[in-house]
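Chains as they are written, first to last, in my numbering: chain A, 360 to 601; chain B, 12 to 470; chain C, 1139 to 1606.
Please note that a few of the clues may not be correct.
[To be verified] Listed next, the in silico SDA-like pairs over lysine to any residue satisfying Cα-Cα at most 20 Å (straight line): (1) A/Lys422 - B/Thr404; (2) B/Lys62 - A/Pro484; (3) C/Lys1341 - C/His1353; (4) C/Lys1468 - A/Asn435; (5) C/Lys1604 - B/Glu295; (6) C/Lys1435 - B/Ile221.
Honestly, the hints are just simulated from the structure, not real lab data.
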Amino acid sequence: MAKQHKWGMVVDIDRCIGCQACVIACQSENNVPINEEVDFLSRRAKQWIRIDRFWEGEYPNVKARFIPVFCQHCDNAPCEPVCPTYATYHNDQGLNVQVYNRCVGTRYCANNCPYQVRFFNFFNPSWPESLWNQLNPDVTVRSRGIMEKCTFCVQRIRRAERLIEGQKGEELTDQKIKDGNFMPACVNACPTDTLVFGDLNDETSEVVRKSKSDRSYRLFAELGTEPSVFYLKKVDPAAKSH
Amino acid sequence: MYEGKTYSNKQINDDLLSSLTKSSLVYWAIVGTLGLIVLVATVAVAFMINKGLGVTGLNRPVMWGFFITNFVFWIGISHAGVMLSAILRLSKAEWRRPATRAAEVLTIFSLMTAVLMPLIHSGRPWRLVYWVMFPYDFQRGIWMDIRSPLVWDPAAVNTYLTSSILFVFVALIPDIAIIRDRSSGIKKIVYSVLSLGWRGTTRQWKFQAIAGILLSALILPVFVSVHSIVSWDFGMAIAVKSWHSTIFAPYFVIGAVHSGVSGVVSVMILMRWLFGWQNYVRHEHIDALGRLLLVIAIAWFYFLLMEFMFGIYGQEGDELATRHMQLLEPPWMWFFIVFIITAFLFPVPMWLFRRVRRNLWLMLITTISVNIGMWLERLLIIVPGLARKQVFTGTWYTYAPSIIEITIIGGTFAMVLMLFLLFAKIFPLIPLFDIKEGQVLQDKIKVGKAEIPAVIREE
Amino acid sequence: MTSYKDKIQISVAGEELSASIVTNDIANNFFAHRRSGRMALFLFGLIFLAGIVAFITKAMDGFDSSQRANWGYFAALFAFLLSAAGSAPLVAVGFRMTANHWRRPFARISEIYAVVGLLTIVCLMPLLALLPPIGDCSSGPCRKTLWFTSEYWGVPTFWDFAGLLALVVCGIALLLVSALPDIAQISALSESKSRPLLSKLTKFWTGTQSQWHIHRISLSLLGGFYFILLIGVQTIINVDYVMSLVPGWKDSILPAHQALTGIQAGVASVVIVAFIARTFGGYKKYFPMESFWSISKILLALSLLWAYFWFAEVNTLWYGRMPVEQNILKLVMFESYRLPFALNFSMNFLLPFFILLWNPIRKSVIGPTVASILIVVGSFFMMVRLYVPAFGIQDVTAFQITYVPAAIYPDFLDLIMIAGGISGAVFIYLLSTRIIPILSLWEVKEGLLYQRVRPFLRGEYQVLGKPK
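Chain A with its partners taken away, still in its complex shape:
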């Protein structure tokens, strides 16, 4: 029997260059509709992973800081108990999953998410006809009136389990995830290895090693949400000299 996984991610802020490749990768992998200008202006754009930019310092010594934010798959997720229909719940692999069929669109989960990573389908999604063949057949297209969010590309995790654990009967190790390209699309696309994906239950994996770094922290730790995503602090040589 395969051992229990607990999927997690490490985001090394020090490496992030704010290139938005992860955003595009996520968009095409997960059938997220194309955001137009009007969507951004009305604050209804859907980006399962977004890159928040902060300015640090005073002119002329201004630095841009980037922080990719996506669903933190909290072990103690505030969005879960407030859903009346169990549309969002915690599965046994540490994932915070969204069941589209159950969702009735109360949007309470979005209100109670401190990370602002839940998105509501205000209208039915649409693509230009030329992109219809681009849609990912493994991912449901969400209709209007329901919530959606980052799934850690659960379709890829399932494929890995099916191929490696199911067909070959082998253990799904860190290396095999990397070799088989089973990481979430954003991790795949990241040119600087900012994002690292893996099994937090596997003591040898890179995620566990990195998450134990002394630079490691979690967003809004004081809220006690216990996220599965670890962030590594920016290494700032200038800050030391101060």
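Chain A is fixed; fit chains B and C onto it per the hints.
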């Protein structure tokens, strides 16, 4: 404090049942206009369900807006019914008598309207109906998540609605019997069925009285729980700091009573003018309600201060930003100024004066002003809290309602008033038996040379 | 209707009374100095002295804000006295405002509690010195307070003290104004010249109509002020001495909850004294069953309200599962101080609720009294579970508490201090009843004007006058 004349029972029947038999042109004009507004709002709802919630002004930080504000508002109005009927019945306040039925009926109709709000506000109302009516996914054994405040909510509201309807009905039975005796034809049959064979025997009166008192006592916990649970829809959210406040439950309840009793006063004054019940809805009743409102408003203000003070107490960035938005950023600051003036600073000092409390015009203006303020209060809690959620400043935004939302909100007000007026066509809005009972219990005491009004106390 | 002969009775079952009977009764009772009264005065005075000695002994060990952990029980005692005795006058204030006849025998009993305020002022003074500094947030560690910053003048000690002082002054003024007609009558009746001061004080009171008019207006004004001041003082005391000492504790209902517990304890302490006055004081006929019946309904309602406020607090804090809120719940309720909490919860809500749930018990004298004793004791434990842990926390300037501090148990001196403080309150109360009669002459007599018993068929019924 009995200031009215004493009437024969027949006179009371004739007067108070006049709304059933006679109806002026003004009445039908009002009902027609209201019906038209409701129709337009219904079309707006249909359009919204067809297109999706994108036709509203909602956005990513502000996922709840006008509809939820309106939901809380109408739930608040619905608190007047029990507040007046049950509490005042248990505490044997004589002046409650003409106000009870109107308050209870207002409760029922505003609750019905309130329930509509979260229904149409959800992303997939057809699914929600299915889930509220029948347990979700019954075959697969997946039930509602009772941890969610949104499950507590319908449970409490539906209990309240059911018990309020029972409450009204129990009090209506003797009155229905009178209408039955005065009607003929098909109407007689309908009222006969509704009156449950009431003949006014001692035994029946005893049962009716016991049922009334029992329901009063049992409905009180429901009354408190409903708005507490509505407040916990907000209070349970840890992500929105300005919502996560322990005082929310009593604060919402007292606020609801504040707006609800004001609503009843407005409705009573309008009713008095529309149906000509000058001898039944008297200045002394409005005066007593005004004094009650004074106490409630001051208590409510204390809770408001506490809520606000502890918003700043934590000195956390997002919470301070929320308060900043409420107080200093237009248009919210204008809403806040209007709110604090209309809900407290304008009406409450006025109620201190007996002259104001006995002036119907001023009471109408002040009580309507309270409800304008209380509507804004809910908006100011809901929207700025969401718009300044947590410290991801990039996601901060504001909210502006769309024309669809405004139409629907207007429709709810029209609907409550329309239903209220239609009710007056079918049942009396002032309990006949209660007025008669009040007359029987009047007495006088001689103190020295003066005669003062007195009340007979039942054990 | 008026063809019957009306009987002047307080209740259907009561005796027939008249104004002169009331005056004689109360005056006789007042002048009869019983030996048991003197004994009680002596005994409570002795315990009070012991408490003062215990306080001094303890203060010798060390008395500054770094050692405040030792003084938690003293703070709890102060808060208890403020809550129970400070809120008691509200019985008279509130029900006089709503013109309830049943309040008449309770009115003076509740007003005399205002003199205990003198003791609470004395208790507050050392506590002011124990409060740790707020600090300046811009330049160093600071703690969060109701006053936001320490820049303002007199924050927080002066305002705490001034608030309490205003409350006590207002309470005593309320008592004196209310008792003025009675003192005048008593000193007129007293044969000896033993009360020259009082007769001088009341010489101008002749009972004219305009005097009564002013009397009534000042009573309602003072009552309104007292109510607002009490809620305000309870709020600032609670925030300054409990919440702001526990880092990360943001609990907006707690001040209101303490104020509510105070009102509950206040009503209960009035019932206890009423029971003693009725059973041992010879005032039996002035306490009709309706008085106890009505006040026990109030007690029941307050118990339910207490549970409601408590649940609103716990539900909100518990549901979010934030670590700091979990720690605070564990601290004041479920772990460190679970014993005081269990006593508090059962005595303020569970037991009184189940006792007062039954109408036959409500309609008795002993039932509400037992419930009241429970409530008063329970309120003390409420203050213990709030003030003792708050005083026990050292790192008040931290961002949040990340641990659950252990409980602090009282030592021998604490126990003596608590006994001494409560005895002191009783002592002051007993002393005041030697100057002011415990039953309000004018209010009882006013009640006789408005209450009649009329025959009806085979029975009798009561008619209550409702003057404008």
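Hints versus structure:
no.: 1; hint: A/Lys422 - B/Thr404; result: holds (17 Å)
no.: 2; hint: B/Lys62 - A/Pro484; result: holds (12 Å)
no.: 3; hint: C/Lys1341 - C/His1353; result: holds (15 Å)
no.: 4; hint: C/Lys1468 - A/Asn435; result: holds (19 Å)
no.: 5; hint: C/Lys1604 - B/Glu295; result: holds (13 Å)
no.: 6; hint: C/Lys1435 - B/Ile221; result: holds (18 Å)
When the structure is compared with the earlier hints, no violation turns up for any of them.
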